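Chemist: Protein chains in written order, with my numbering: chain P, 1 to 298; chain R, 1001 to 1336.
Hints may contain errors.
Claimed, not checked - One side of the interface only, derived from the structure: several residues of chain P facing chain R at Cβ under 10 Å:
no.: 1; residue: 40
no.: 2; residue: 103
no.: 3; residue: 157
no.: 4; residue: 185
no.: 5; residue: 221
no.: 6; residue: 257
no.: 7; residue: 286
As the list claims (entries may be wrong) - Taking lysine-lysine and the DSSO-like style, the derived pairs with C-alpha atoms no more than 27 Å apart in a straight line are:
no.: 8; chain 1: P; residue 1: 244; chain 2: R; residue 2: 1201
no.: 9; chain 1: R; residue 1: 1105; chain 2: P; residue 2: 244
no.: 10; chain 1: P; residue 1: 188; chain 2: P; residue 2: 244
no.: 11; chain 1: P; residue 1: 91; chain 2: P; residue 2: 188
no.: 12; chain 1: R; residue 1: 1114; chain 2: R; residue 2: 1085
no.: 13; chain 1: R; residue 1: 1090; chain 2: R; residue 2: 1114
Treat the hints as calculated values from the structure; they're not laboratory data.
Predicted, not measured: the structure shown is a model, and the values here were computed from it.
All C-beta atoms, glycine included, are put in the ideal place defined by N, C-alpha and C.
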Amino acid sequence: MSVDTAPRLARTRPPGASAPQSGMVGSHHGGRWWLYLILVIALVAVVAPFVWMVLGSFKSDGELQQIPPTWWPQSASLDNYTHLFTQLNFKQFFANSAIVAVVVTVGNLLFCSMLGYALAMLDFKGKRVIFIAVMTTLMIPGVVTFVPLFVLVANAGLVDTLPGIFLPFLVAPFGVFLMRQFIIGLPKDLLDAGRVDGAGELRIFAQIILPLCGPALATLGILTFLGSWNNFLWPLVVAQSEEKYTLPVALALYSTGQNSTNYGLLLAGATVVIIPILAVFLIFQRRFIEGIATTGIK
Amino acid sequence: MSAQTGMTGSPAGPVTPVPAGLPSGPGNGSTRQGSARPSGGPAGRGRRAETRAAWVLALPFCILFLAFTAWPVIQSFFMSFTDTKAKDLKHPFSVNVIGLDNYTKALSDPIFRKSAVNTAYFVLIGMPLTLVMALAAAVALDKGISRFRAVFRLGFYLPVITSIVAVAVVWRFLLQDPGGLINTALGWVGIDGPNWLGDPKWSMPALIMMAAWRNFGTAMIIFLAGLQSVPAELHEAAAIDGAGVWQRFRNVTMPLLRPTLLFVMVTTAIGYLQFFEEPYVMTQGGPLNSTMSLTYATFNQFGFGNYGLAAAMSYIIFVVIAIVTAVQFRLLRERS
């Protein structure tokens, strides 16, 4: 009898009360209303800036300068967006961002999983050296390589080119670490099975190992795409003419340049930067979170 | 199952033909490669094939890594002992070795010192704030509620995936004084909000607030993964023994979350010690250098063309990061 009622009691417990012994059980069925309330308030606080940004992108400059600020647009219009894509070169920036992000993501998925597999499953001379070098550079701050990297890219004549923006990011130590950690957890019998069937080492990798790496590849892919899409400092330095700007670079320069008082335009630009990444994330988020839980990043 | 299959079965890949001797029997389940290698010719060939395949797989990464990471790291190290300036790039032989001068110059530079204090302020307040927010959200989502988990998780993670530049555009509006959304909201409860970005006293708290908002989602997701590995039976056993929610959190959850906590602390600290983008897009380090960070000061020296000095500063940051990481590992490693 007391066992039966305990969960219900737990659910209706007032906020101040100490947890009864069955708190666990209760929390598994429905949860506490006050916790929902706190979470909803927190959620509103976290998401409000985005909502305000999107709503603001439909407002006129006059309305955006009103004090106190308005929440809903008084007269919504798409002017800011049409201006963005017709008078400013946002289509080009968008394409640059997409090209760089896709190339960088493909490069990392391919090259990092290749080396990750070799480090996890194969035995070869130089393995330890590579692994130690990769792990050491994980800790080195990006600013250390910044100057020589720029010199290198400049000497190669790649300043103000898209390859200059994406080449330095085609591989990353983090990706190798992540893929190695995941592949090392796969059963070694897979290799033997493949070898018995006469498959070469490369074929074993491509046809047996890689298809099993779904969650890890999803995690690495999303993280890399996000990182590249949002990357700001390097493209800002390398892209010098407007045709080579990526979205964040363009937005940053517009928000400090002559358009800096064009508030509606900036909010529309910010929305355009965020929407694609949001779409990618929404599509893959389940696998992504699975991946984080299973790749040993935790 | 025999060597025969290895040779006559499906033709092996053109690059690395599987050698005859290799399948010495998957049944004998040895460690790493699964197949124990008998000594002798065929096995030696197997090893060579494996080495060759491994290097084919490793090569693209290694070339790119050497060119764009390892080489710059080394070059930067040597540069930090020279007086390299931007104009020396065309005449590399006019560079002089000046020993530790750049390091002493960096450490005695008032702006670099100020930025070290600012960075410490940012890390010491920002990191605990971020981690507490993340842990609270993770625990609430893991054990507290059973519905709409995915919605909350996604909402809290949203700031992580957005571009800092877009975030800056929005937050400059939010932090405006007067008329910003934050000060308007504070006005409802009778608080006269400060001029966040214009007042040297409030600029750093504003950036800390923004950084915590932007980053706690990452830590939350990792905490969530860690919490899922805490067995529910342990909680139930503790509950039966009369342990309250808080006691169970401290004595059951936290010890088991230790490795996760270590990982989150180390990665957050590494990220926060390099804090740069927030001040760059929000305040340009101002007002009165109140938000100038170590990385920002280094970046400025790069911008001024003082490459040698910038390299020395970046290595100082690296040493700080390495020390902080080592200390965290020592404090939080699992006690055996």
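Chemist: Could you run down the list of hints and mark each one as holding or not?
Modeler: Hint check results:
1. 40: 9 Å, holds
2. 103: 12 Å, violated
3. 157: 13 Å, violated
4. 185: Hint violated; residue 185 of chain P Cβ to chain R Cβ min 14 Å, cut 10 Å.
5. 221: At 13 Å from the nearest chain R Cβ, residue 221 of chain P fails the 10 Å test, so the hint is violated.
6. 257: 13 Å, violated
7. 286: 8 Å, holds
8. P:244 <-> R:1201: 39 Å, violated
9. R:1105 <-> P:244: Judged against 27 Å, a Cα distance of about 37 Å means the pair is violated.
10. P:188 <-> P:244: 46 Å, violated
11. P:91 <-> P:188: 48 Å, violated
12. R:1114 <-> R:1085: 24 Å, holds
13. R:1090 <-> R:1114: Outside the cut-off at roughly 34 Å; violated.
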